[in-house]
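S.K.: Going down the list, the sequences are from chains A and W. According to our numbering, the stretch in the first sequence is residues 1 to 362, in order. According to our numbering, the stretch in the second sequence is residues 363 to 524, in order.
Hints are computed from structural coordinates only; laboratory data are not their basis. These numbers were taken from a predicted model, which means no experiment stands behind them. Just so it is clear, CB atoms sit at the ideal spot from N, CA and C, and this is done for glycine as well. One or more of the hints may lead you astray.
[Said to hold, decoys possible] Within a straight-line C-alpha distance of at most 20 Å, the following computed SDA-like cross-link-like pairs (lysine to any residue) qualify:
| no. | chain 1 | residue 1 | chain 2 | residue 2 |
| --- | --- | --- | --- | --- |
| 1 | A | Lys52 | W | Pro506 |
| 2 | A | Lys24 | A | Leu8 |
| 3 | A | Lys24 | A | Lys341 |
| 4 | A | Lys341 | W | Trp465 |
| 5 | A | Lys185 | W | Trp465 |
[Stated by the list, open to error] Restraint ranges, calculated between C-beta atoms of paired labels, are given here:
| no. | chain 1 | residue 1 | chain 2 | residue 2 | range |
| --- | --- | --- | --- | --- | --- |
| 6 | W | Val383 | A | Arg66 | 17 to 27 Å |
| 7 | A | Arg66 | W | Ala430 | 25 to 35 Å |
| 8 | A | Glu234 | W | Trp486 | 30 to 40 Å |
| 9 | W | Ala458 | A | Gln176 | 14 to 24 Å |
[Unchecked claim] Far from chain A, by Cβ distances over 12 Å, these chain W residues were calculated:
| no. | residue |
| --- | --- |
| 10 | Val374 |
| 11 | Phe444 |
| 12 | Ala453 |
| 13 | Asn514 |
| 14 | Lys517 |
| 15 | Gln520 |
Residue-level listing of the chains:
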Amino acid sequence: MSTILFFLPFLLLFAVLAIYAERKVSAFIQDRYGPMEVGYYGILQTVADLVKLLQKEDIVPTKADRKLFLIAPILVFTFVFAGFAVVPVTSGWEGAPIQTGVFFLLAIVSLDTIGIIMAGWASNNKYSLFGAMRSAAQIISYEVPLTLSVLSVVMISQTLDLQQISIQQGVHAVGQETNYLFGIKALGIDVTEIGGFLTWNVFRVPILFITWIIFFITSLAESNRAPFDLPEAESELVAGFQTEYSGFRWSLLMLAEYGMMLLVSFLGVILFLGSWNSPLPNIGSVRLADWTTGEIGTLSGHLWSAFWLIAKALLMVLIQIWVRWTYPRIRIDQLMSVGWKYLTPIALFVLLIAAVWRLFMI
Amino acid sequence: MENEQISAFGEVLIFLIGGCVFVLGGLFSSKLIHPHRPNAQKLESYESGEQPIGSGWSRFNIRFYVVALLFLLFEVEIVFVFPWATVFGNADYIEATDGLWGWFSIIEMFVFIFILALGLAYAWVKGYLEWPKANVTPSDFKSPVPQGLYDNINKKYQSTKS
């Protein structure tokens, strides 16, 4: 059964709720109420907005390159959506069983840049063009540390399959993989049976914690979120590459942005934070990890693993929203120097440490 | 489920097609209900309410190309590192070669990454990573307000804060 049955409805539901959450969180951070009129506590505000967007006129400027202008949002959305193809949903329901899963995901998500450049160029508008160039420069600059941090995890797990990476990080790894405390075999403490958060990648190999921080920062930049939302810096570029878009076509670009947020959150959780595994460890005869993970393929296994994966991913999205309303936007020269002078060298260095760590794990 | 063995990339195709169908369906239903009343002003390029001047396809900073080149350098490196990353720590190989496999492949890869890191260092030293900054020169305007007043205010609020 293809995971599209889950991800398409879930992405829509997520976008509706995340936009509502974004507005409420921003409101509470800024000490106001946010939407309150539509539905109980304003919960239907996003639905109302969506209905409004559907009815809006689809304006294509005369000067724009019509064909590219119309295709670009479709491409942007489709490529982000295709990234979900390899993401597992539960312990028994994996995505497309591609052996090179992570690699495929990174590759198809980078195609997004083409859609953005296309949108910016086709608009024939100065704001759009600058926004698109900035966006492309930002995405490709941060792609490097992002990929390097993913690579660190791949080196530890020795596989590119997201479902395999997930299995390694919990109690289901018994018999396949031996997890030692902090990944150091010399300590001689076998935690495979204990499971819980101790076998999550960030604890299994503590150096991955630094990698995770790099991953989180770059994932913000990849999804064009504040403090890296220069491409749509509204005080100077109006809306960046989206300036000329209106109506449903614009909402597709927005949907792609939220889809990207969700995708990088899922990826971060799967790679670093134990995927669909429970955070509760087995303590002696109190088998908390076993109870809250369930057997692969059973109903409880499906429910528990879906619950943990989605809960963790949504928590990461909440942190992304929180970051957006806490930090000011950075300047483009700061953006470039953070990406190239700090994150990339640190990611390279951590990569080397992770490589050596792997040899001490086995 | 067994009799519909869809190959792995077939599922990706389902996602691509599903995404397109969803998007086109949405655009179609939007087309059914949205108005279509274009006029010259509406179809003009947006330039904050001004009459747009010149073409939107203007020149942009050459530095974006340098960034693209650097990206290419690293992406090529990463493409080579990915296959290595999945085999260098293989427990069976390491056992069979008495640990030699792991250390040997790591040293090889370190040399490779070091050479590429030199590329980044070169670009850094050459200043390609610097973005032009606005050169703000302090104006020679002589304020009639003596500097001491500002300092006093700053000092006052500093002391109350701490």
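S.K.: For each hint, tell me whether it holds in the structure or not.
M.R.: These are the hints, each one checked on the structure:
1. A:Lys52 - W:Pro506: violated (56 Å)
2. A:Lys24 - A:Leu8: violated (24 Å)
3. A:Lys24 - A:Lys341: Distance ~36 Å between Lys24 of chain A and Lys341 of chain A Cα, so the pair is violated.
4. A:Lys341 - W:Trp465: It is violated: about 29 Å lies between the C-alpha atoms, which goes past 20 Å.
5. A:Lys185 - W:Trp465: OK: Lys185 of chain A and Trp465 of chain W at ~17 Å, within 20 Å.
6. W:Val383 - A:Arg66: 17 to 27 Å: holds (23 Å)
7. A:Arg66 - W:Ala430: 25 to 35 Å: Taking Cβ atoms as reference, Arg66 of chain A and Ala430 of chain W lie about 27 Å apart, which means the hint holds.
8. A:Glu234 - W:Trp486: 30 to 40 Å: About 32 Å separates the Cβ atoms of Glu234 of chain A and Trp486 of chain W, which means 30 to 40 Å holds.
9. W:Ala458 - A:Gln176: 14 to 24 Å: Since the Cβ atoms of Ala458 of chain W and Gln176 of chain A sit about 19 Å apart, the hinted range of 14 to 24 Å holds.
10. Val374: violated (4 Å)
11. Phe444: violated (6 Å)
12. Ala453: violated (5 Å)
13. Asn514: holds (29 Å)
14. Lys517: holds (26 Å)
15. Gln520: holds (22 Å)
Comparing the model with each earlier hint shows violations of hints 1, 2, 3, 4, 10, 11 and 12; every other hint is respected.
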